[in-house]
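2 protein chains.
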Amino acid sequence: MSTSSAAPGRDEKAEAGAAKPPMRDALVAAAFQLFPERGYEQTTIDDIVALAGVGRRSFFRYFPSKEDVVFPDHERCLADMTAFLAASDEEHEPVLRVCDAARLVLRMYAENPTFSVQRYRLTKKVPGLRAYELSVVWRYERALAEYLRERFAGRRDGTLQADVIAAAVVAAHNNALRSWLRSDGQGDASAAVDHALGFVQTAFGTAPAPAPAGDEKPEDVVVVVSRRGAPLWRVVQEIEATLGRD
Amino acid sequence: MSTSSAAPGRDEKAEAGAAKPPMRDALVAAAFQLFPERGYEQTTIDDIVALAGVGRRSFFRYFPSKEDVVFPDHERCLADMTAFLAASDEEHEPVLRVCDAARLVLRMYAENPTFSVQRYRLTKKVPGLRAYELSVVWRYERALAEYLRERFAGRRDGTLQADVIAAAVVAAHNNALRSWLRSDGQGDASAAVDHALGFVQTAFGTAPAPAPAGDEKPEDVVVVVSRRGAPLWRVVQEIEATLGRD
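Quick mapping for you: the protein sequence lines, in order, are chains A and B. Numbering follows the UniProt record's numbering, in which position 24 of the first sequence is assigned residue number 24; successive positions increment by one, without gaps. Numbering follows the UniProt record's numbering, in which position 181 of the second sequence is assigned residue number 181; successive positions increment by one, without gaps.
Among these hints, one or two may not hold up.
[Unchecked claim] Going by beta-carbon spacing under 8 Å, a handful of chain B positions derived as facing chain A:
no., residue
1, S135
2, V164
3, A167
4, A196
[What the hints assert, rightly or not] Pulled from the structure, derived: some chain B residues nowhere near chain A, Cβ distances all over 10 Å:
no., residue
5, Y40
6, Q42
7, K66
8, H92
No lab work stands behind these hints, which were simulated from the structure alone. All residues carry an ideal CB built from backbone N, CA and C; glycine is no exception.
Given the sequences, and given the hints that come with them, work out the whole structure.
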C-alpha cells in the first residue's frame, strides 16, 4: 500500500503482502487455524507459537497481545492513513480527501476477503475483540478528524465540522464494509463504499455537480425560502427579481 | 428524567437524584474521593467499600466492576434513551427525534458538572476507562441508529442514512460536551449542544426555520442564489445572514 499523495486507486495492485515477514504471516495463519477449532478464549499464545513452529518471544516481537494477532494489519493501515493525509496539500478538497483515506481501510479488508470474513465472524462472538475493534475504529476516526480540523482551522465551527464529517465518513465506510462482510465477501466492496461515501459527500456539499440540462446555467442554484403562508405570486415575483438581477 | 414522548426540556428539574439508593451514591462518592488520592489503578474495590462503610457484596449489587462505578448513570441513561425513542410516533421528525434523544445524555452530564469534569479528567488518564467510554458511546450510537433504521425502513439506503446520521449526532453532541468538560463545566452546555446538533440537522435537511426577528415583516420572501454544489450548511449560513440583514 502506497503512502504517496495519490488517491488510492481501486484497480491498483495491492502490494502489502510482499512487505510482511513470513514469520508474522505464519503466526496469523496458525492463530486463525486454531481459533475456529478451539475457540478464541481457549486458544493460548503457546498454542499459536507451537503450531507456527516459533518461540514465544517471536510472537511478542510482532504482536503485543493475542488480540493484536486478530487485527494484524490495522497498525500498518493507520500509519498509511496518517502518511496519506500528511501528504495532502491545499488543492485536495478536504471531504474528498478523508473519503479517499477511508478507502485505504476498505482496501486492507478487500485484499483478503476470506480472512476478513473469518475475522468478522470471530469479532462478533468475542466481546473483547469488539472492544478492541471499537478502539481501532476510534483511532481511524481521530486521524480523519485531526486532518479536517487542520484544514478547517480558519472556519467558524471548524472542529465541530471536522468531528462530525469524520464520524460520518467512518460510519458510511463501516456500513458498506459490514454489509459486504455479512454477505461473505461477495460483491464489489469498493463500489459499495463509493456509494456510501457519496451520501456523506452530498450531505457535506462535495458531491460531484450533476450534469447541466440543456441551456441551464450549470453553476447556479436557486434556493427559495418563504414564510409559511406567503402567496405563490410573491414567491414567483422574488424568483423573477433575483434571476433578473443576476 | 422522564421517559414520556415529550422532548426533554432543558429547564425541567432533574429528577434522577431522588430515585438513586443512598448506598449506591455513597459508593460512587467514596470511589471519587479515593481515585484522585491514590490513583484509579491503585484503588481497590475493598478500599471503596471500606470508605463507604458497606460490604463487598453491596458493591457488586450495584456495579459489575470497578469501571462501572466511574460511569454510574450510563445504564439508566441508555434505558431512558431507548424508552424515549420507543415512545416516538410517526409525527416525530426522525432526525430531530434522535437529536432530542442525544440531549438526554447531555442532561445527565450537566446535572452534576463537578462530577462530570472530575470523571472526564480521570477518563483521559486511564486507557481502560477510555475503552469503556468508547463502548458506552457505541451503545448510544446503536440505539439512535436502530431507531432511525426503523423509521427509514422504506427508504433506499435507509440503513446507510441511519448509521451516518446517528454517528453525526453522536459526534456533534460529543464535540460540544467535551468542549464544555474541557472548560471545567463553565458556560451553557445545552446551548453548545443545540448549536452542534443544528449543524447535523442542517446537513441532513431538517434545520428548523429561523425564528422571525422582531421587526421582520411576516410576509417577506427571501431568495438565495448559490452555486450548484455549495454545501447545504453554506446555503443556510447565507439564509441566516440574509434574514439577519432584514
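Structure versus earlier hints, numbers of those that do not hold, lowest first: Violated hints: none at all, because every hint is consistent with the structure.
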